[in-house]
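S.K.: Given next are the chains, with one letter for each unit.
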Amino acid sequence: MKIVFPILVILTGILLGYAMYMALSPNGAPTEQTMGNVQRIFYYHVPSAWTAFLLFFINFGASVYYLIKRCPTADIVALVSAEVGVVFLTVNLVTGPIWARPVWGIWWTWDWRLTSTLIVWLIYVSYLMLRRFSASSQTPILAAAMGIFGALCVPFVYFSIWFFRTQHPQPVMGGGGSIDPRMMHVLLLNWLAFSCFAFLVCWSRYHLEKLQRAVDEAHAMRSLMDETKMDEPGHERTAG
Amino acid sequence: MIPTYESDPDGTTYQISAKKTGAGHGADSGQPARSRAAKPKELLIRGITRATLFKDLRLEWRSKDAINSMLFFSLLVVVVFSFSFDPTAEESRQIAGGLIWVAFLFATVVALNQTWARELRNQVLDAFRVSPAPANSLFAAKVLGNFIFVSVLEALMTPLFIAFYRLRALGPAWQLLLVAALGTWALVVNGTFFAAMSIRTRSREIMLPLLLFPISIPAILAMVQATTAILTAESSARFWLVLLATYDLVFTTSCLLLFETVLNAE
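Chains as they are written, first to last, in the working numbering: chain Y, 270 to 509; chain W, 172 to 437.
Honestly, the hints are just simulated from the structure, not real lab data. Just so you know, even glycine gets a beta-carbon here, dropped at the ideal spot from N, CA and C. Please note that the accuracy of each hint is not assured.
[Said to hold, decoys possible] Partial chain W-side listing against chain Y, Cβ under 10 Å, derived:
1. Arg-300
2. Ile-319
3. Ser-322
4. Asn-361
5. Ser-374
6. Ile-388
7. Leu-392
8. Phe-430
Construct the entire structure; sequences and hints are all you get.
M.R.: What follows is the structure, encoded as structure tokens:
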């Protein structure tokens with residue numbers, strides 16, 4: 270961890286920098302015809318969504334694994350992937366309106382992609398709320414169950430809202446049509462960079478969570494030892 | 172023999188008799204050996220589910236806690252909605268679907284919140300956990316009980332809605348029964364599960380809606396759209412009914428598979 274992590278940080282930093290350069294400069298991704306340079310936010314908007322869904326998939330896998338094996342590592346992986354996934358999806362939900370305002374003139378619309386993304390965001394925020402509010406002895410199991418429910422719900426969300434919003438013709442919004450191969454190349458490059466960055470954040474958060482749990486356990490053990498010591502002769506219970 | 176237990180409306184539980192159930196325990200009643208061998212575990216599940224369900228129904232019938240609070244709450248919601256909308260008969264058909272289901276959703280949360288609270292008093296839930304009874308039988312009983320309570324509420328509130336909004340279904344009205352049944356089941360099965368999950372969390376009453384609403388959004392969308400489709404006859408409700416049925420199937424299965432784990436999560 271002490272040696273590998275800084276090296277990976279530097280490599281990811283270089284990759285992110287290169288991906289940003291390619292996204293923002295006309296040498297990398299070509300300027301879009303109708304939208305101009307505003308379109309370049311696309312290279313942050315889409316990869317953050319893809320990264321978020323990758324992380325939610327990992328959350329589902331870790332939740333299932335935890336319920337089968339009851340391994341604490343799986344529980345920490347589930348927590349970490351949900352947290353970082355929610356952050357990336359928030360980035361997606363914020364960059365969306367920022368892009369939409371100059372291009373479509375509106376901050377938000379209830380088309381199927383935006384609505385579905387918002388609902389998935391709500392599902393995983395409720396997962397994090399459960400983690401926060403439940404008693405610590407039960408949290409891993411409850412959260413694993415909630416993670417599985419959330420992941421099962423995502424296909425329903427997409428399918429139902431797709432049907433709902435495509436029933437009545439809406440103005441065509443975003444996406445659709447073919448994409449210039451150079452743009453696809455920069456998009457995938459940014460996705461790779463985001464994924465590496467997500468991996469690093471997850472890793473350090475994992476490490477932090479492990480330390481936090483060790484500290485909590487040490488506190489618990491210590492108060493237990495103090496309690497038992499009190500009962501030995503020679504030690505008196507002090508008030509308070 | 173399956174013991175039946177009675178509870179006072181305030182939740183004190185005591186065993187009054189050990190009633191013989193109809194089947195499965197032939198050793199006591201001298202029934203033919205064939206029924207003794209006939210799938211004892213399934214019969215045990217049915218017996219416990221039935222006993223718990225009847226206990227809950229009896230408690231509810233005597234105190235009428237849940238049904239009164241749900242009814243009054245729905246009425247309040249309808250009145251508050253009336254301040255925002257003053258629709259013509261045509262418009263009301265468009266929006267009534269959403270209004271009805273929002274009112275029922277809030278009422279369901281009221282019912283679900285007290286589902287498990289009753290079991291926590293006097294350690295009834297702990298007693299159930301240490302008993303050899305399968306957890307799914309308790310879950311099934313709770314879900315069926317809540318389903319009955321919410322269905323009674325819906326039956327009572329529907330004439331009121333029809334009167335307040337001058338509703339008349341332009342499409343096949345019998346499908347509304349199907350929407351009500353499937354939709355209520357979707358809310359109640361997930362709600363009972365999440366209510367069990369939030370028993371020992373901080374802020375128990377607020378955790379239930381926070382967990383339930385996001386997961387239920389596809390079902391709520393389907394219910395509202397199906398009701399609107401039937402009322403306005405502008406489209407077919409078939410897709411939404413199929414979606415509701417699939418949703419019910421998937422989530423009932425998940426709840427049944429995971430309930431025991433969640434109940435014993437300590």
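S.K.: For each hint, tell me whether it holds in the structure or not.
M.R.: Verification of the supplied hints:
1. Arg-300: violated (13 Å)
2. Ile-319: At about 24 Å, which exceeds the 10 Å cut-off, the nearest Cβ of chain Y leaves the hint on Ile-319 of chain W violated.
3. Ser-322: Constraint on Ser-322 of chain W not satisfied, violated at 23 Å.
4. Asn-361: holds (8 Å)
5. Ser-374: Where the cut-off is 10 Å and the nearest Cβ of chain Y is about 6 Å from Ser-374 of chain W, the hint holds.
6. Ile-388: holds (5 Å)
7. Leu-392: holds (5 Å)
8. Phe-430: holds (9 Å)
The structure shown violates the earlier hints numbered 1, 2 and 3.
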